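These protein sequence lines map, in sequence, to chains A and B.
Residue 302 in this note's numbering is what sits at position 302 of the first sequence, and the numbering runs on without skipping anything.
Going from the second sequence to this note's numbering is simple: count from 1 and add 322.
Calculated from the structure, these hints are not laboratory results.
Computed from a predicted model, the values in this text were never measured in an experiment.
There's no promise every hint is true.
[To be verified] Only pairs whose alpha carbons sit at most 20 Å apart, straight line, appear in this in silico SDA-like list of lysine to any residue:
(1) K295(A) x K346(B)
(2) K218(A) x A555(B)
(3) K546(B) x A139(A)
(4) K287(A) x A269(A)
(5) K570(B) x A226(A)
(6) K287(A) x R311(A)
(7) K546(B) x V302(A)
(8) K346(B) x T120(A)
(9) K525(B) x K354(B)
(10) K295(A) x K546(B)
(11) K144(A) x A32(A)
(12) K354(B) x I339(B)
(13) K340(B) x G414(B)
(14) K477(B) x R180(A)
(15) K340(B) x A540(B)
(16) K144(A) x A2(A)
(17) K189(A) x G414(B)
(18) K218(A) x T252(A)
(19) K372(B) x E473(B)
(20) K346(B) x T142(A)
(21) K317(A) x K570(B)
[Said to hold, decoys possible] Label-pair restraints from in silico Cβ distances:
(22) R212(A) x A543(B): 48 to 54 Å
(23) M160(A) x P541(B): 45 to 51 Å
(24) E187(A) x G375(B): 23 to 29 Å
(25) K429(B) x M160(A): 43 to 49 Å
(26) E530(B) x E187(A): 36 to 42 Å
(27) T181(A) x G342(B): 44 to 50 Å
(28) D304(A) x K525(B): 36 to 42 Å
(29) R566(B) x P289(A): 37 to 43 Å
(30) K546(B) x D288(A): 28 to 34 Å
C-beta: ideal position from N, C-alpha, C; glycine also.
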Amino acid sequence: MAGVIAVLEQRDGTLKRVSYEALTAARALADALGGEAHALVIGPAGIDAGDVGTYGADKVFVAADDALTLYQADQYAQIAAAQVGSDDYAAAIVPATALGKDLAPRIAAKLDCPFASDVTSVRHDGGVVVTRPVYAGKADYTLKVTATPCVVSLRPNAVMPVEAKRDATDEQAAAAESDRTAAKTLEIKQPDRAAQDVAEASVVVAGGRGLRDAESFKLIEDLAEAVGGAVGASRAVVDAGWRSHSEQVGQTGKVVSPNLYFAIGISGAIQHLAGIRTAKTIVAVNKDPDAPIFKVADYGIVGDLFEVVPRLTQEIKQAKEG
Amino acid sequence: MKIAVCVKRVPDSEARIKVGADGKAIDEAGVKFVLNPYDEYAVEEALKLKEAGGSGEVVIVCVGPEAAQETIRTALAMGADTGVLLKADKVGLDPLPVAKALAGELKDGGYDLVLLGKMAIDDSSHAVGPMVAELLGMQCVSAAAHLEMGEGGGKAEREIEGGVEVVEFGLPAVITADKGLNEPRYPALRGIMMAKKKPLEVKDAALESGGIEVVNLAPPAERKAGRIVGEGADAVPALIEALRNEAKVL
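Chain B extracted, bound-state conformation (with noise of 0.2 Å):
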């Protein structure tokens, strides 16, 4: 099976978000970047899927400027074997631009599944996957948590409000995966040393400027300082008081 897993370069969750000095991006200034974490259960199931299939072929394909190198080589680490760089220094807030440039390099591939996490993290679009699907006319499953490949297709359940659907897809197709999907590897010494070995190839995305322009991007409003009603349980009754009479929503 010839898998290819489409990967994000984003802040670590745990990273403090400053608004740069044009007002329309984050200041990158020492934040750490990582693998998006829904993509690491995306890479985990392409590998799993190869070694259960005992052949086959991971590729990892990634839009973001030079420094995504450094998020391929961690999916390669892992066990991928190439990775593909899509290189664009900026990539807007438009995700179409973003699944016509994964398109244009997945159509000719021969893929008989593509991978995602089902967002990133940063801008949490949760919308290059079926809109890949949508574009190469593939098969498309979105935040899957559970999946059992067959034999020409599989099957697989995604969260949904207070249940579970279950979709059953023919291959090839598009299936973006949610956390529970798998527990993700961390790439051991021997992985991260041949991971500096395997190809990867670097070309330009050509990204189209899509159709939404930033005006500015701004640090939330800060909450008003609540206050402590108390302590313990005899602040209950003053807690309650509060929510029925001041907030007025109890």
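Okay, chain A solo, but in the shape it has when bound (with noise of 0.2 Å):
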């Protein structure tokens, strides 16, 4: 019977949220074809994949290494090709991280198979049929894979972990060969290690021209501190070289999905909206009530952000203390 197949993404060892919801989806997507779920994990020696089967894990395949600590594209692909094509599935889900971004393709070039990048839902119907946002969230496609195994990534936030009990029991994964010769990652360097990817998080404070400069930044870091959640920016900002390209939110950007997004003295081009569509709840402050962000926003403040900013900052911190 075809299963599905949730390839893992660690960091240090430890397994990333977006993992859990590739596996969430890979566990629904094997429930209405009748199969299994399995896991691949690929990371350093000694990884613990223990709540994997929490998950919905039926079966994890481990391949532990400390070559493997950092993403090795060309090893993590062969491990993951020859895992994906060792049985029946009908699926390889990926997160669709910079890592899987990379992964993915590999995969299915090494397979000959279909992939599908990006997508923000899996389901079965008369085969597997994946929804996927294009021009940055301006369409959706409805796309059916008329091939199997299929490989597809998984947009972060798109799917909720959800806990499903499975008694998963641990095998060795498919190998590399080692002696290849590949380009090798070297280091991750971390300029800020707390800072969260605009991307992943669940709350985004994103910032436009109405900041007037870089350094009142400082206003939409601090309620992103006060809120728990990461720094965003438009692409003028990034543009005029306030901000680095990694926090851009858009079409030549980031699309994000995140539960809750602010969107601070932004005015909302066509490139910027489409990139925040799948927010769950937006949130904007604009000192002009024709702006276009208010037109998608679910909850808008009309007024100076230099004013409204600071207040909320300090609002959210006294709710959260008290």
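Dock chain one against chain two, each of which comes alone in its own frame, and use the hints as you go.
Next up, the structure:
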């Protein structure tokens, strides 16, 4: 019976939240197909894949080696392709993170199979069917996969992890050829270990040109800290050099699906609105009542952000302490 | 150094996207098409490397319709030497057939480096670069925001969640470009005039059909209209109340 395999992602030996999202999607699809959900964990020696069964894996394949602590694309792709190709899987689900966006297409190329990138849902309807936002969210494709296996990468925050207890058994994963000449990841430089990524965070506080200068982004950083969120930026402020491209939200930046999105001093260009369409709740603060951002925002405050944002930060802090 | 840059013709990021009558593709009427913005970084990097080396060749390769000749001419106007259009009137949603067509064209070209944008801004697959690398057996770094070339290889930096990955690679290699890699030049008038005379070969891409079928393309569900909770800082308590008790997100 065709099953589904989730390719999980770890950092420093700990599975990331996106791994449980991929596993939850794999469990649901496997149930629809009447098959098993498996998981593949690639990481350092002694990696703990203990709670994978809690999220619905029937079987966990582990490739644990200290040489696999960092993402080594060639070896990861060899292991994953061998594992996905070893059984009668209908689909392999990979988180659409920086790692997954590189790994997933390699698996599809090695297995000569179809690939759907950055999907927001995976289901069974006479075959594997996915929803795939395109043009950065200006339209949605519904796509049907016509060959198996297929590889899909799943957008972070699109599926909420759900517990589904199974007695997962651990097995040894396929191995990579170790003597191949390949590109080598040397290190991860971490400019700010505490900074959350805008694409993965469940709360995003984004600032735009309304902030007037780079220094005023302190207001955004303070609010982000108060709500435990990541800092985002509009294209205008990234192009102006105030913020790094890693924080840019929109068509030429990141498409985000947080629970809560604050758009501060962002008027709402079409390419920005497309990038936040799947956010659950959008809050806008802007002095122009006709700004397009208010057409998509669930809650808006019309006013001077330099007065509104500090008050918002202060009251959220107080509310949390109280 | 012989460098290939693979480019794509895409709707401008400011374009309004309308679904066509068949409900399976966009209505292209009135849509302005441009060279994919991420591919501009790839073209610029290729030109910089050629200039730094003092010699070399930059070849633009594109899978797309007849009209993509214009896209290739844009890259030629920036300074690339020659172009190849692998003509395909319809390009499907599965990136693998495109990667195979590109790999087939590049395979015997003797390229030291193959550059692409990290993704095209229309279908955002982020897939063709790594796929081409796998198909050609080349080393690959995707989404490079910084590139340093040395003897027989180089070092690239790619942004990942909460950090930057440093990757060392040997040639030949496939590198995909992220924003931040460089500042792409605008084609000068002289470049535009010269581009018209540069060789551009057109051949049939002979794309495989791929394993993905379009069920439909639909505009996104409209967000429900929200409300203005108030004006100025005095509206903050009402906003917090709504976020806590209505939206339940605080």
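For each hint, the structure was consulted:
1. K295(A) x K346(B): Violated. K295(A) to K346(B) sits at ~27 Å, over the 20 Å cutoff.
2. K218(A) x A555(B): holds, 18 Å
3. K546(B) x A139(A): The hint holds at about 17 Å.
4. K287(A) x A269(A): holds, 16 Å
5. K570(B) x A226(A): Given that 20 Å is the threshold and the Cα spacing comes to 17 Å, the pair holds.
6. K287(A) x R311(A): Cα-Cα ~16 Å, so holds.
7. K546(B) x V302(A): The hint holds at about 19 Å.
8. K346(B) x T120(A): holds, 18 Å
9. K525(B) x K354(B): violated, 24 Å
10. K295(A) x K546(B): holds, 9 Å
11. K144(A) x A32(A): Within the cut-off at roughly 15 Å; holds.
12. K354(B) x I339(B): Given that 20 Å is the threshold and the Cα spacing comes to 11 Å, the pair holds.
13. K340(B) x G414(B): Roughly 18 Å separates the two Cα atoms, so the pair holds.
14. K477(B) x R180(A): holds, 18 Å
15. K340(B) x A540(B): Distance of about 9 Å is within 20 Å: holds.
16. K144(A) x A2(A): holds, 17 Å
17. K189(A) x G414(B): Outside the cut-off at roughly 38 Å; violated.
18. K218(A) x T252(A): Cα-Cα ~24 Å, so violated.
19. K372(B) x E473(B): holds, 15 Å
20. K346(B) x T142(A): It holds: about 9 Å lies between the C-alpha atoms, which stays within 20 Å.
21. K317(A) x K570(B): holds, 17 Å
22. R212(A) x A543(B): 48 to 54 Å: violated, 35 Å
23. M160(A) x P541(B): 45 to 51 Å: Violated, at about 25 Å.
24. E187(A) x G375(B): 23 to 29 Å: About 28 Å separates the Cβ atoms of E187(A) and G375(B), which means 23 to 29 Å holds.
25. K429(B) x M160(A): 43 to 49 Å: Since K429(B) and M160(A) have Cβ atoms about 44 Å apart, the given range 43 to 49 Å holds.
26. E530(B) x E187(A): 36 to 42 Å: For E530(B) and E187(A) the Cβ distance comes to about 39 Å; the hint holds.
27. T181(A) x G342(B): 44 to 50 Å: holds, 47 Å
28. D304(A) x K525(B): 36 to 42 Å: violated, 59 Å
29. R566(B) x P289(A): 37 to 43 Å: violated, 25 Å
30. K546(B) x D288(A): 28 to 34 Å: violated, 22 Å
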